[in-house]
Structure formats: structure tokens, C-alpha cells
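Enquirer: Residues per chain are reported as follows:
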Amino acid sequence: MLAGASLLWLPRFEVDVVLDLLPHATSFMGVPTYYSGFSPVRNWMESWWKAFVSSRPGRRRCLPRLTGSSPGGPDTPSSNATG
Amino acid sequence: MNLFDRLLESHRSDPDRLLLRTADGAELSYRDVDRISARFAWVLRDRGVRAGDRVAVQVEKSPEVLALYLAVLRLGAVHLPLNTGYTAREVAYFLEDATPAVFVCSPASAGPPSQQGSLPQILTLGGAGGGGGEDGDLVAESEAHPDEFPTVDRSPSDLAAIVYTSGTTGRPKGAMLSHGNLLSNGEVLRAAWRFTEQDVLLRALPIYHVHGLSSRSIP
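In order, the protein sequence lines correspond to chains P and D. For the first sequence, the positions run 1 to 83 when the numbering used here is used. For the second sequence, the positions run 1 to 219 when the numbering used here is used.
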């Protein structure tokens, strides 16, 4: 609200619902148990990456550190970029 | 400096800006939430809540709970969120310790007065809070009230919220958070995470948790 942004408001954490909505969000906040909930889901990182790239090009540099690889593309940062 | 004014500042020039969309597609603008919170604030005021009084809240997550939080802020009262998993005995401790003026809960938690200490008022959020439609329904009562409410002025050091610790080293303690604390926290995170009005935060966190309390200010 301080930034004038908007919320996708979920009553609780459900992996399938979160993955469906990630492409419509620019940010997701969670706790460690949320991310462990993602891990059994095939291609969840791909979904996350697509949401990330489509929404905020300026934040791409976070992801190579998480994945350990470069996703490619014209905006891909150098390997020493930090999140 | 009431935190409420800072949170709603961004919408003054664009009141129809989207604030919140639920999973089933319902949408609330900044103006909608402003109006709902104004009506809630009138109900709380009519029920005797004044600046500095605590308002304990133990309800399921809903858009109305966000409006209730804002209503408590603009009234100058103190938001006291409680985990929905707390038992009646645990809740009794919090209510005795914090002595709230009002306890907003689900009808199932309302219980007889003997379980709730000396609470003067018990309200529910109707269907939005996990129950519905009976006496003391804050949502139903609010419908007769105006869409505007004069925000009560507060200083940065005035209390805005109390969040109880988990109690791993003893009984839970009420951590006192001022308007200045919550504003500073939100502004630092907004700057660090580069939030702008173009952002959309997917939010699944519970609202009774301190992280949920802080992060709800950022977008």
C-alpha cells in the first residue's frame, strides 16, 4: 500500500493455486515451508522463471543464483550479479 | 502521523486503483477498502473503542480483515492479531494479558463470557471471518454507517499493534509496535525490494503473523 501496488489475496497457501497465479504476480513472499511445498512440483521453477521474466525484467538477476545457471536472453546479467 | 494516512496516500489521486484481487476474481480498489474501513471504524467507535484501546482479532483470512486492520489504525486503536490455531485456553491468556476493548472472532470462538475474561464486546466478521449473520456481526452493523471517518491523529511513538511472541522461553509476550515502527519497516522493505505501483504481490501468508503484518504495508 505504501507503493500503491496491488495484492493477489489468497486465504491460505496451496501449491497449485500459487503456481497458477504466479504468472500474474511480480512478487511472492513466503516462509521456508512454502518453498519446500514447491519442490515436489515438476517444473515449478520454470513457472516461477516465466512469471519473473514476464513481469519484472529488472529483477532477473536474482534467478541465476537460485538455479545455478544462466537463463539466457538479452537482459541476462553477468555471473557476478547479486540478487 | 497516523500510519493509516500513509498507507492510503497513494490512492488519493487515483482512488479506483486496484488494491486487492481474490482467487475467485473479486476485486477491491483502494477507495473500496478506504470506505469499508471507515464503516468498520464507526462500528468500533460506537462500541466504545477509543485511541489506545486494543482490538483483538482471531478470524480466518479475508479482505475484510485487511479493512478491519485499517479501521483500527484510523481509529487510533491497537491491532492485536491472534493465530486462528490458538485454543480457547490460549486465547483467554491473551485477552487477560492485553485487556482488549473488543474481541473480533468467529462465532465458534465467541463462547460464554466466563471463557473470555471481562471482555465488554465480542464481534464477528460474519461470513467473511468464518461464521455469519448473527448479533454482533461487524460487517452487518457497518452497512448503516458513513463511508468516511476522521482519522485520529497519532504520534510516531504511539502504539499501533501488539504481536505476541511464540512463547518458546515462557509465556508469550506482547511485542509492542508503534505507527513509526510499522511505517519504517514498510518503507525500508519497499525500498530494498524496489516495490512500485506496477507490482503485484501474490500473498498467501497468514495475517496474524508479524511478517504478514509488516508485509501488508508494502504493496
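Don't take each hint at face value.
Selected chain D positions facing chain P (in silico; Cβ < 7 Å) [unchecked claim]:
1) Leu19
2) Arg21
3) Asp24
4) Leu159
5) Val188
6) Ala192
7) Phe195
8) Thr196
9) Val200
10) Leu201
11) Leu202
12) Ala204
So the derived label-pair ranges between C-beta atoms look like this [unchecked claim]:
13) P:Ser36 x D:Asp14: 17 to 23 Å
14) P:Ser36 x D:Glu148: 24 to 30 Å
15) D:Ala191 x P:Glu14: 43 to 49 Å
16) P:Tyr35 x D:Ser184: 38 to 44 Å
17) D:Lys173 x P:Val17: 33 to 39 Å
Think of the hints as simulated: they come from the structure by calculation, not from any bench. Glycine included, C-beta positions come from ideal geometry on N, C-alpha and C.
Enquirer: Now tell me if each hint is right for this structure.
Expert: To see whether the hints hold, each was checked on the structure:
no. : hint                           : in the structure
1   : Leu19                          : holds, 6 Å
2   : Arg21                          : holds, 6 Å
3   : Asp24                          : violated, 10 Å
4   : Leu159                         : violated, 20 Å
5   : Val188                         : violated, 10 Å
6   : Ala192                         : violated, 11 Å
7   : Phe195                         : holds, 4 Å
8   : Thr196                         : holds, 6 Å
9   : Val200                         : holds, 5 Å
10  : Leu201                         : holds, 5 Å
11  : Leu202                         : holds, 4 Å
12  : Ala204                         : holds, 4 Å
13  : P:Ser36 x D:Asp14: 17 to 23 Å  : violated, 39 Å
14  : P:Ser36 x D:Glu148: 24 to 30 Å : violated, 45 Å
15  : D:Ala191 x P:Glu14: 43 to 49 Å : violated, 31 Å
16  : P:Tyr35 x D:Ser184: 38 to 44 Å : violated, 28 Å
17  : D:Lys173 x P:Val17: 33 to 39 Å : holds, 35 Å
Going down the numbered hints, you'll see the structure goes against 3, 4, 5, 6, 13, 14, 15, 16, while the others check out.
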